[in-house]
Amino acid sequence: MIKIPNILKPGQDRYVSWNLIFVVCTLVIISQLSILTKAIDFSLSNKMIVARGTHLALGIIVLIYIFFKKKNWNSEFANVLFVILYIPFYYLSWHLNVEAAASTQLWIPFQNLHFHLFALVILVPGSYLINFILIVGFAIEALILWLYLDLPHLPNVILFTEPIFTFLYVVVAIALLWFRYRDEQTIQRLSLEHAKAEVLETLARIFLSIRDKSNTPLQTLKISIDLLKMKRPLDDHTISVLENSVNRLSFLSDILKMSEEKMEFNGEELMTDEEILQWIKR
Amino acid sequence: MKSIFILDDDQDLCWVMSELLLSLGASDCICANSVKELKALGTQFKFDVAILDINLGDNEPSGVEAYKWLIQNKFQGKIVFFSGHAKLHPLVQNAIKFPNVSFMEKPSPIENLKALIT
Chain A
1 MIKIPNILKP GQDRYVSWNL IFVVCTLVII SQLSILTKAI DFSLSNKMIV
51 ARGTHLALGI IVLIYIFFKK KNWNSEFANV LFVILYIPFY YLSWHLNVEA
101 AASTQLWIPF QNLHFHLFAL VILVPGSYLI NFILIVGFAI EALILWLYLD
151 LPHLPNVILF TEPIFTFLYV VVAIALLWFR YRDEQTIQRL SLEHAKAEVL
201 ETLARIFLSI RDKSNTPLQT LKISIDLLKM KRPLDDHTIS VLENSVNRLS
251 FLSDILKMSE EKMEFNGEEL MTDEEILQWI KR
Chain B
1 MKSIFILDDD QDLCWVMSEL LLSLGASDCI CANSVKELKA LGTQFKFDVA
51 ILDINLGDNE PSGVEAYKWL IQNKFQGKIV FFSGHAKLHP LVQNAIKFPN
101 VSFMEKPSPI ENLKALIT
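Protein chains in written order, with our numbering: chain A, 1 to 282; chain B, 1 to 118.
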């Protein structure tokens, strides 16, 4: 009848996770569309056109899919979709930096990585662990690129802030992700405590209503015993037995009375005892 | 000795209280189970003490309505609200804010009831 509501763990809110997957799809579509239509000034190799086009198609397919699945959305599945949408960014990021290094144009490396690190802190549709792994993945990719491309010795690379800047981005991203996770856990714990308190208060209210309703028959019994004592004083044992039972009932009622003094009644929402008892019977 | 009026929707309680108070020396004891029955007494209402239950049932006028009717009809006697709710309950708090009333909580010891008629 009364149960503590199921408090969601961090990342389990189905509405939040669906909305975030929608945002990620939109980001993928807009970013790849912009690059492919050369709205952003990129020189693209044929391999990159195919790769970005595939990523764009993937974003559109997932976007359509999540609209079909909206009513039966599974927050666990959001993790899978998020990984499917984000893994291609590793490939694209790698080739972007490799092709930039091979060109003659001046460039600052890892700019795109900084954006992804920022995005992975903000967009957590499912598991925080997955976002952490993705962040570490980009950090490892940056390290491998640094070594593989021998960036310090490339003539067209502007490095006055690297590798410190990217290292700081990774540290800050992990720290922010950790703080977000810890905050959600705190909120979840507080929500659970609040829900438990509400359930206990409801139970207390029910017990007190039952107690209040029982006070009238208890009064009747007490007066009846006094009347019996007056009218049939020789029937001591029967009266004594009755009195003992009534005293025990009174004792139980007094225990509940002590809790009533701790209750905070909100007059506007107060149900009558009859309404509460009807609610229990449902 | 005093005459007593008891307003309570519980007929058993009305009966035992009436028996007890008469046994203890009350000159008269009349019961009613609702505000409607109280109003039906009309101008015959001449009692020293009125014991009014607060909660008279779902969708029924409460003991507070009975209090207001008594005051309108210039009742001069003592009015005692009598309830199964504790004193801190909002229904009781609303009732005892009226002037010149007292409150007894159910179940009340016989000494409290005896004090009403002395």
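What the hints contain is simulated information worked out from the structure, not anything from laboratory work. It should be emphasised that the depicted structure is a prediction, and the values quoted were computed from it without experimental measurement. Backbone N, C-alpha and C define an ideal beta-carbon position, used for all residues, glycine too. Take these hints with a grain of salt, some might be off.
Stated by the list, open to error - Footprint (simulated), chain A over chain B, 3 or more residues, beta carbon under 8 Å:
| hint | region |
| --- | --- |
| 1 | 27-39 |
| 2 | 70-79 |
Unchecked claim - Taking lysine to aspartate or glutamate pairs in the EDC-like style, the calculated list, with each CA pair at most 20 Å apart, reads:
| hint | chain 1 | residue 1 | chain 2 | residue 2 |
| --- | --- | --- | --- | --- |
| 3 | B | K2 | B | E60 |
| 4 | A | K213 | B | D48 |
| 5 | A | K213 | B | D10 |
| 6 | B | K39 | B | D9 |
| 7 | A | K213 | B | D12 |
| 8 | B | K74 | B | E111 |
| 9 | A | K257 | B | D12 |
| 10 | B | K74 | B | E105 |
| 11 | B | K78 | B | E60 |
| 12 | B | K114 | B | D12 |
| 13 | A | K229 | B | D58 |
| 14 | A | K231 | B | E37 |
| 15 | B | K46 | B | D58 |
| 16 | A | K229 | B | D48 |
| 17 | A | K231 | B | E111 |
| 18 | B | K78 | B | D12 |
| 19 | A | K213 | B | E60 |
| 20 | B | K114 | B | D48 |
| 21 | B | K78 | B | D58 |
| 22 | A | K231 | B | E60 |
| 23 | A | K47 | A | E99 |
| 24 | B | K87 | A | D13 |
| 25 | A | K196 | A | E260 |
| 26 | B | K68 | B | D12 |
| 27 | A | K38 | B | E111 |
| 28 | B | K78 | B | D48 |
| 29 | A | K213 | B | D28 |
| 30 | B | K46 | B | E60 |
| 31 | A | K231 | A | E243 |
| 32 | B | K39 | B | E19 |
| 33 | B | K78 | B | E111 |
| 34 | B | K97 | B | E65 |
| 35 | B | K87 | A | E260 |
| 36 | B | K46 | B | D12 |
| 37 | B | K87 | B | E105 |
| 38 | A | K38 | A | E99 |
| 39 | A | K69 | A | E141 |
| 40 | B | K68 | B | E111 |
Structure-based check of each hint:
| no. | hint | in the structure |
| --- | --- | --- |
| 1 | 27-39 | violated (count 0) |
| 2 | 70-79 | violated (count 0) |
| 3 | K2(B) <-> E60(B) | violated, 29 Å |
| 4 | K213(A) <-> D48(B) | violated, 28 Å |
| 5 | K213(A) <-> D10(B) | holds, 11 Å |
| 6 | K39(B) <-> D9(B) | holds, 15 Å |
| 7 | K213(A) <-> D12(B) | holds, 14 Å |
| 8 | K74(B) <-> E111(B) | violated, 29 Å |
| 9 | K257(A) <-> D12(B) | violated, 24 Å |
| 10 | K74(B) <-> E105(B) | violated, 26 Å |
| 11 | K78(B) <-> E60(B) | violated, 23 Å |
| 12 | K114(B) <-> D12(B) | holds, 19 Å |
| 13 | K229(A) <-> D58(B) | violated, 35 Å |
| 14 | K231(A) <-> E37(B) | violated, 30 Å |
| 15 | K46(B) <-> D58(B) | violated, 28 Å |
| 16 | K229(A) <-> D48(B) | violated, 27 Å |
| 17 | K231(A) <-> E111(B) | holds, 18 Å |
| 18 | K78(B) <-> D12(B) | violated, 23 Å |
| 19 | K213(A) <-> E60(B) | holds, 16 Å |
| 20 | K114(B) <-> D48(B) | holds, 14 Å |
| 21 | K78(B) <-> D58(B) | violated, 26 Å |
| 22 | K231(A) <-> E60(B) | violated, 36 Å |
| 23 | K47(A) <-> E99(A) | holds, 11 Å |
| 24 | K87(B) <-> D13(A) | violated, 44 Å |
| 25 | K196(A) <-> E260(A) | holds, 18 Å |
| 26 | K68(B) <-> D12(B) | violated, 25 Å |
| 27 | K38(A) <-> E111(B) | violated, 96 Å |
| 28 | K78(B) <-> D48(B) | holds, 6 Å |
| 29 | K213(A) <-> D28(B) | violated, 28 Å |
| 30 | K46(B) <-> E60(B) | violated, 24 Å |
| 31 | K231(A) <-> E243(A) | holds, 15 Å |
| 32 | K39(B) <-> E19(B) | violated, 23 Å |
| 33 | K78(B) <-> E111(B) | holds, 17 Å |
| 34 | K97(B) <-> E65(B) | holds, 14 Å |
| 35 | K87(B) <-> E260(A) | holds, 10 Å |
| 36 | K46(B) <-> D12(B) | violated, 23 Å |
| 37 | K87(B) <-> E105(B) | holds, 7 Å |
| 38 | K38(A) <-> E99(A) | holds, 17 Å |
| 39 | K69(A) <-> E141(A) | violated, 34 Å |
| 40 | K68(B) <-> E111(B) | violated, 28 Å |
When held up to the earlier numbered hints, the structure conflicts with 1, 2, 3, 4, 8, 9, 10, 11, 13, 14, 15, 16, 18, 21, 22, 24, 26, 27, 29, 30, 32, 36, 39 and 40 and fits the remainder.
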